[in-house]
Amino acid sequence: MKTYLPPKFLVERDQDKCIKCEVCVNQCSFDNHYYDAEDDEMKTRTEGCVGCHRCVTFCPTGALTVRRNPLEYRDNYNWRPEYIEDIIKQAETGGVLLTGMGNDKGQRIYWDHLVLNASQVTNPSIDPLREPMELTTYLGRKPDRVELDTDLNLQTELAPQVKLEVPVMFAAMSYGAVSLNVHESLARAATEAGTLWNTGEGGLHPKLYKYGNNTIVQVASGRFGVHPEYLEVARVVEIKIGQGAKPGIGGHLPGEKVSAEVSATRMIPQGTDALSPAPQHDIYSIEDLAQLVYALKEATHYTKPVSVKIAAVHNSAAIASGMVRAGADIIVLDGLRGATGAAPKVIRDNVGIPIELALASVDTRLRQEGIRNRASIVVSGGIRNSGDVAKAIALGADAVYIGTAALIALGCRLCQQCHTGKCAWGICTTDLFLSKRVNPDIGARRLANLLRGWSLELKDMLGGMGINALESLRGNRLHLRGVGLTETELKILGVKMAGE
Amino acid sequence: MKELERIQNPYNDDKAIDACSIFGAMDTSGKRFSGKGVIRAIANMHDRGNGLGGGFAIYGLYPEYADLYAFHIMYLSQKGKEDVEAFLKEKFRLTHAEEVPTQPTPKITNPPLVWRYFLEVGPQKPEEEADDDYVVERVMEINTKFPDAFVFSSGKDMGVFKGVGYPEEIAEYFCLEQYEGYLWTAHGRFPTNTPGWWGGAHPFCILDWTVVHNGEISSYGINRRYLEQFGYHCTMQTDTEVVAYAVDLLMRKHNLPIEIVAKILASPLWSDIQRLPQREQTLMRTLRQVYGSLLLNGPFTVIIAHHGEMIGLTDRIRLRPLTVGAKGSMLYLSSEESAIRLICPDLDEAWIPAGGEPVVGSLKAPLKTPVAAKEMVSHVD
Chain A
3 MKTYLPPKFL VERDQDKCIK CEVCVNQCSF DNHYYDAEDD EMKTRTEGCV
53 GCHRCVTFCP TGALTVRRNP LEYRDNYNWR PEYIEDIIKQ AETGGVLLTG
103 MGNDKGQRIY WDHLVLNASQ VTNPSIDPLR EPMELTTYLG RKPDRVELDT
153 DLNLQTELAP QVKLEVPVMF AAMSYGAVSL NVHESLARAA TEAGTLWNTG
203 EGGLHPKLYK YGNNTIVQVA SGRFGVHPEY LEVARVVEIK IGQGAKPGIG
253 GHLPGEKVSA EVSATRMIPQ GTDALSPAPQ HDIYSIEDLA QLVYALKEAT
303 HYTKPVSVKI AAVHNSAAIA SGMVRAGADI IVLDGLRGAT GAAPKVIRDN
353 VGIPIELALA SVDTRLRQEG IRNRASIVVS GGIRNSGDVA KAIALGADAV
403 YIGTAALIAL GCRLCQQCHT GKCAWGICTT DLFLSKRVNP DIGARRLANL
453 LRGWSLELKD MLGGMGINAL ESLRGNRLHL RGVGLTETEL KILGVKMAGE
Chain B
2 MKELERIQNP YNDDKAIDAC SIFGAMDTSG KRFSGKGVIR AIANMHDRGN
52 GLGGGFAIYG LYPEYADLYA FHIMYLSQKG KEDVEAFLKE KFRLTHAEEV
102 PTQPTPKITN PPLVWRYFLE VGPQKPEEEA DDDYVVERVM EINTKFPDAF
152 VFSSGKDMGV FKGVGYPEEI AEYFCLEQYE GYLWTAHGRF PTNTPGWWGG
202 AHPFCILDWT VVHNGEISSY GINRRYLEQF GYHCTMQTDT EVVAYAVDLL
252 MRKHNLPIEI VAKILASPLW SDIQRLPQRE QTLMRTLRQV YGSLLLNGPF
302 TVIIAHHGEM IGLTDRIRLR PLTVGAKGSM LYLSSEESAI RLICPDLDEA
352 WIPAGGEPVV GSLKAPLKTP VAAKEMVSHV D
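Heads up: the sequence lines are chains A and B, in that order.
Residue numbers for the first sequence follow our numbering, beginning at 3 and rising by one.
Residue numbers for the second sequence follow our numbering, beginning at 2 and rising by one.
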């Protein structure tokens, strides 16, 4: 069937600059560049370009330019090009539209409507270049009080706690969705920065067991790669109920990405689709969650916190309260903008709520119920910079997960082709030719650099607010003000309007 | 008072913001002394306040009623007084009531009516409830439900006197030179966002706990939210109130000694904790993990007192001043050393404690000359 789909991008080549080195040919995993021997010229099939900039970045002479295809439709606010083209795709395939990465739509980004405070006159700002500034965070269940005997000996034994030097962790991205080199980069960077990375639901390659002390292992509905050693090497075990990119459905790994190594790690046949069931089939209710939480605690001899991750949805506050009471030591909320390696587009773009609102209401609810100490809150889904991190902490988060930001550090340009397995940056693919493009030495360096940069910025912001420890910002919403928000939004966020 | 919040923080700022002078004097042998020196000392720091609040706390004040709760209540109307007195009679055994003596003082204008009551907890209290909890609840009840009345002192054998004015003027107004106590704290206030309200002056008091405070606590937002989980409602919107409730929670309810409480309110740095011997390290880490939300962050110096003990504490990087002086069994705490030297020129010792290190004067451990700073803070380090 001839496709009616117009090209998204135009690729232009300056033939004066082109030296016919064929780097572009080798770099483009979508086969858009080729050498035409008859004309002795490099040529481009523009219709296949996804806008990933791999060729542009690696062209040694800067001969390539990628531009949006200036194809003009007749103006129609309802029938925008994206919706027209989605219909064309479905008319030609009859399938569910798949996509990658997070929601790219225009729902309000609350981070952009929140601003932070700084000290002036009545209290001094603190200079992190000259004074200590502490970001250390411990995740895990805390009791309401500490008991001492008369000789000041500690009588309270804490549930397992996990130390983070920086309150930013790498979000769950499974082996299979991303390559082993990406996993190794994440693991090494997390170890260097004193934080944690998350295996996602596809198991942990034995090569990476040595980073176990900085590893969160996931147990999802497909139970891929879950075995005693997997739980044993980890620092934290996370039960995945849902994720922000696709609340209500399970993980999708197309069979094309299930290579030999992936198959061995996931414990599934090579080349088969790994489709996680939508629910965990042993969790149909909150009491079932408690059973799985305690089964995992038993299996790990109560030495590791058990985390439970959900997608942020309408009743998050009540659900989170139930999760804490079911024994979760850490609760993870993944918001509307959380990303994925593959999800139905209609789900990604329409299901779930913004993480800022979910976080605010969960933190408030747990405090109202007097159980906020009993679990740490981790949020994810669209955190872009240290400013977003600081705002999340002030709203009440103990730490954040970053997924997309970490991948961008490795080269990702958000071209949203993760589900194709053809990632030209070698990130979201298991093709050995492509995945070696992420060199773990360099990848780990880039990721650790990102965390270092954010840490320095967080310290600057904290010092500006006149505080020198992260716990004094955590849940301290007086350091936030809203700009351009309605009264209801301010009420849910628990912040005052700027100027108030 | 119903209009408490409006009066204390009329513009609904995040909190009342103020700076101050503070002073404390304690005879650790328990001997009572007159307030003349303390009044001179706090007056010497006149310029640290702006006349919008001054106050004193005195311990060992009412030996004749030592076993009774002494309530100091300010009234804005006769009706308020009648209502509250009826309430007190209903809820307590009222032993004695009198107007707090005052003298006309030119600078003190428009003062409220101030009375004191000596109360015994009687059979009205539910049997299972502790006396102190019952009293706290009644104080909160009066302060939130009775318009025109405010309980600003509620401990046994101690009392708070405070109001709008410079501290020396408040002392003159309440004739404080005539009182004796073994422990005095004093405060002169410089608020920036409150017109000054009698109840808003320091010391803050609940039961026999008092707090005078110089500083702005930048962690106020989370300190308050943490305390709310334990049923404390910070109606006054001042950071001083947070200090008072934090101390009440930690010492009275969680039964922690002051040395430990100091390590919660001004916790050691993680890097310092890491260098401690194993046992202390675990203790300090656990305290910070559990009570991190009570870390008082931002510039502050406080003098916290209750019967038998006076504690001086600064934030952990000491952004507000505190000087300590010792002479015989006397311990002095002050924003400025000059104020101590004024009334006790021949100190045995004077020093500036390190940030976050508590200075504790206690009847249980009377000072002998001279006392090294190290000795007093070595408990957990």
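Worth flagging that the hints you see were computed from the coordinates, not collected in a lab.
Just to be clear, a hint being listed does not mean it is correct.
Stated by the list, open to error - Distance windows between CB atoms, simulated:
| id | chain 1 | residue 1 | chain 2 | residue 2 | range |
| --- | --- | --- | --- | --- | --- |
| 1 | A | N215 | B | P258 | 50 to 58 Å |
| 2 | B | P258 | A | N441 | 36 to 44 Å |
| 3 | A | Q370 | B | Q282 | 33 to 41 Å |
| 4 | A | H283 | B | E142 | 36 to 44 Å |
| 5 | A | E133 | B | G123 | 27 to 35 Å |
Claimed, not checked - Where chain A lies over chain B, by a calculated footprint (3+ residues, C-beta under 8 Å):
| id | region |
| --- | --- |
| 6 | 40–53 |
| 7 | 117–130 |
| 8 | 213–223 |
| 9 | 361–367 |
Claimed, not checked - Derived SDA-like pairs (lysine to any residue); straight-line CA-CA distance at most 20 Å:
| id | chain 1 | residue 1 | chain 2 | residue 2 |
| --- | --- | --- | --- | --- |
| 10 | A | K165 | B | L270 |
| 11 | B | K365 | A | V27 |
| 12 | A | K165 | B | R33 |
| 13 | B | K254 | A | K165 |
| 14 | A | K165 | B | K328 |
| 15 | B | K254 | A | W113 |
| 16 | A | K165 | B | L364 |
| 17 | B | K254 | A | E84 |
| 18 | A | K165 | A | R110 |
| 19 | A | K165 | B | I274 |
| 20 | B | K254 | A | K424 |
| 21 | B | K328 | B | C345 |
| 22 | A | K165 | B | L277 |
| 23 | A | K165 | B | P102 |
| 24 | B | K90 | B | Q179 |
| 25 | B | K365 | A | K424 |
| 26 | A | K165 | B | Q279 |
| 27 | B | K254 | A | K498 |
| 28 | A | K498 | B | C235 |
| 29 | A | K165 | B | P124 |
| 30 | A | K165 | B | S272 |
| 31 | A | K493 | B | V291 |
| 32 | B | K254 | A | K212 |
| 33 | A | K498 | B | H234 |
| 34 | B | K254 | A | K493 |
| 35 | B | K32 | B | C235 |
| 36 | A | K107 | A | E133 |
| 37 | A | K424 | A | D153 |
| 38 | A | K165 | B | C345 |
| 39 | B | K365 | A | D153 |
| 40 | B | K254 | B | L277 |
This structure is a prediction, so every number in the text was calculated from the model and none was measured.
Beta carbons: idealized from backbone N, C-alpha and C, even for Gly.
A quick look at each hint next to the structure:
Roughly 36 Å separates the CB atoms of A:N215 and B:P258, a value that falls outside the hinted 50 to 58 Å. The hint said 36 to 44 Å for the Cβ distance between B:P258 and A:N441, and at roughly 56 Å that hint is violated. Our hint of 33 to 41 Å for A:Q370 and B:Q282 holds, since their Cβ atoms are close to 35 Å apart. Range check, A:H283 to B:E142: Cβ separation about 54 Å, and the 36 to 44 Å hint is violated.
Under the hint 27 to 35 Å, the C-beta atoms of A:E133 and B:G123, about 54 Å apart, miss the expected range. Residue count for the region 40–53 of chain B with a Cβ under 8 Å from a Cβ of chain A: 0. That is fewer than the three needed, and the coverage hint is violated. Interface restraint, the region 117–130 of chain B with chain A: violated (0 residues with C-beta to C-beta distance below 8 Å; minimum three). Counting residues of the region 213–223 of chain B whose CB falls under 8 Å from any CB of chain A gives 7; the rule of at least 3 is met.
Three residues within the 8 Å Cβ limit are the bar, and the region 361–367 of chain B against chain A gives 0, so the coverage statement is violated. A distance of roughly 15 Å separates the Cα atoms of A:K165 and B:L270; the hinted pair therefore holds under the 20 Å criterion. With a C-alpha separation of about 84 Å, the suggested pairing of B:K365 with A:V27 is violated against the 20 Å cut-off. Between A:K165 and B:R33, the direct Cα distance comes to roughly 50 Å. Violation of the 20 Å bound is thereby established for this hinted pair.
With a CA separation close to 29 Å, the supplied pair B:K254 and A:K165 exceeds the 20 Å bound. At roughly 46 Å between alpha-carbon atoms, A:K165 and B:K328 are farther apart than 20 Å, so this suggested pair is violated. Among the hinted pairs, B:K254 with A:W113 is inconsistent with the structure: their alpha-carbon atoms are about 39 Å apart, more than 20 Å. For the given pair, A:K165 sits about 41 Å from B:L364 by alpha-carbon distance, which is inconsistent with the 20 Å threshold.
Restraint check: the Cα-Cα separation between B:K254 and A:E84 comes to about 61 Å, which exceeds 20 Å; the hinted pair is violated. Only pairs whose Cα atoms come within 20 Å are accepted, and A:K165 paired with A:R110 is rejected, the gap being roughly 33 Å. This hinted pair checks out: A:K165 and B:I274 have alpha carbons roughly 14 Å apart, not beyond 20 Å. Distance restraint check for B:K254 and A:K424: the Cα-Cα separation of roughly 61 Å exceeds the 20 Å cut-off, and the hinted pair is therefore not satisfied.
With a CA separation close to 8 Å, the supplied pair B:K328 and B:C345 stays within the 20 Å bound. For the suggested pair A:K165 and B:L277, the alpha carbons sit about 18 Å apart, so the restraint of at most 20 Å is met. The suggested pairing of A:K165 with B:P102 is violated, with an alpha-carbon distance near 58 Å, which exceeds 20 Å. Using a Cα cut-off of 20 Å, the hinted pair B:K90 and B:Q179 is violated, with the two alpha carbons roughly 29 Å apart.
A C-alpha spacing of about 76 Å is found between B:K365 and A:K424, which places the hinted pair above 20 Å, so the restraint is violated. Of the supplied pair hints, the one linking A:K165 and B:Q279 holds, its CA atoms being roughly 17 Å apart against a limit of 20 Å. A hinted pair counts as satisfied when its Cα atoms are at most 20 Å apart, and B:K254 with A:K498 does not qualify at roughly 33 Å. As the CA atoms of A:K498 and B:C235 are separated by approximately 18 Å, the hinted pair is consistent with the 20 Å bound.
Between A:K165 and B:P124 the CA atoms are separated by roughly 51 Å; this puts the pair beyond 20 Å, and the hint is violated. Distance restraint check for A:K165 and B:S272: the Cα-Cα separation of roughly 13 Å lies within the 20 Å cut-off, and the hinted pair is therefore satisfied. Pair hint A:K493 plus B:V291 does not hold up; C-alpha atoms about 28 Å apart against a cutoff of 20 Å. For the suggested pair B:K254 and A:K212, the alpha carbons sit about 45 Å apart, so the restraint of at most 20 Å is broken.
Using a Cα cut-off of 20 Å, the hinted pair A:K498 and B:H234 holds, with the two alpha carbons roughly 19 Å apart. Taken as a hint, the B:K254 and A:K493 pair is broken in the structure, with Cα atoms around 32 Å apart against an allowance of 20 Å. With a CA separation close to 35 Å, the supplied pair B:K32 and B:C235 exceeds the 20 Å bound. At roughly 42 Å between alpha-carbon atoms, A:K107 and A:E133 are farther apart than 20 Å, so this suggested pair is violated.
Pair hint A:K424 plus A:D153 does not hold up; C-alpha atoms about 64 Å apart against a cutoff of 20 Å. A distance of roughly 49 Å separates the Cα atoms of A:K165 and B:C345; the hinted pair therefore is violated under the 20 Å criterion. Only pairs whose Cα atoms come within 20 Å are accepted, and B:K365 paired with A:D153 is accepted, the gap being roughly 16 Å. About 28 Å separates the Cα atoms of B:K254 and B:L277, which puts this hinted pair outside 20 Å; it is violated.
Hint compliance for this structure: hints 1, 2, 4, 5, 6, 7, 9, 11, 12, 13, 14, 15, 16, 17, 18, 20, 23, 24, 25, 27, 29, 31, 32, 34, 35, 36, 37, 38, 40 are not met, and every other hint is.
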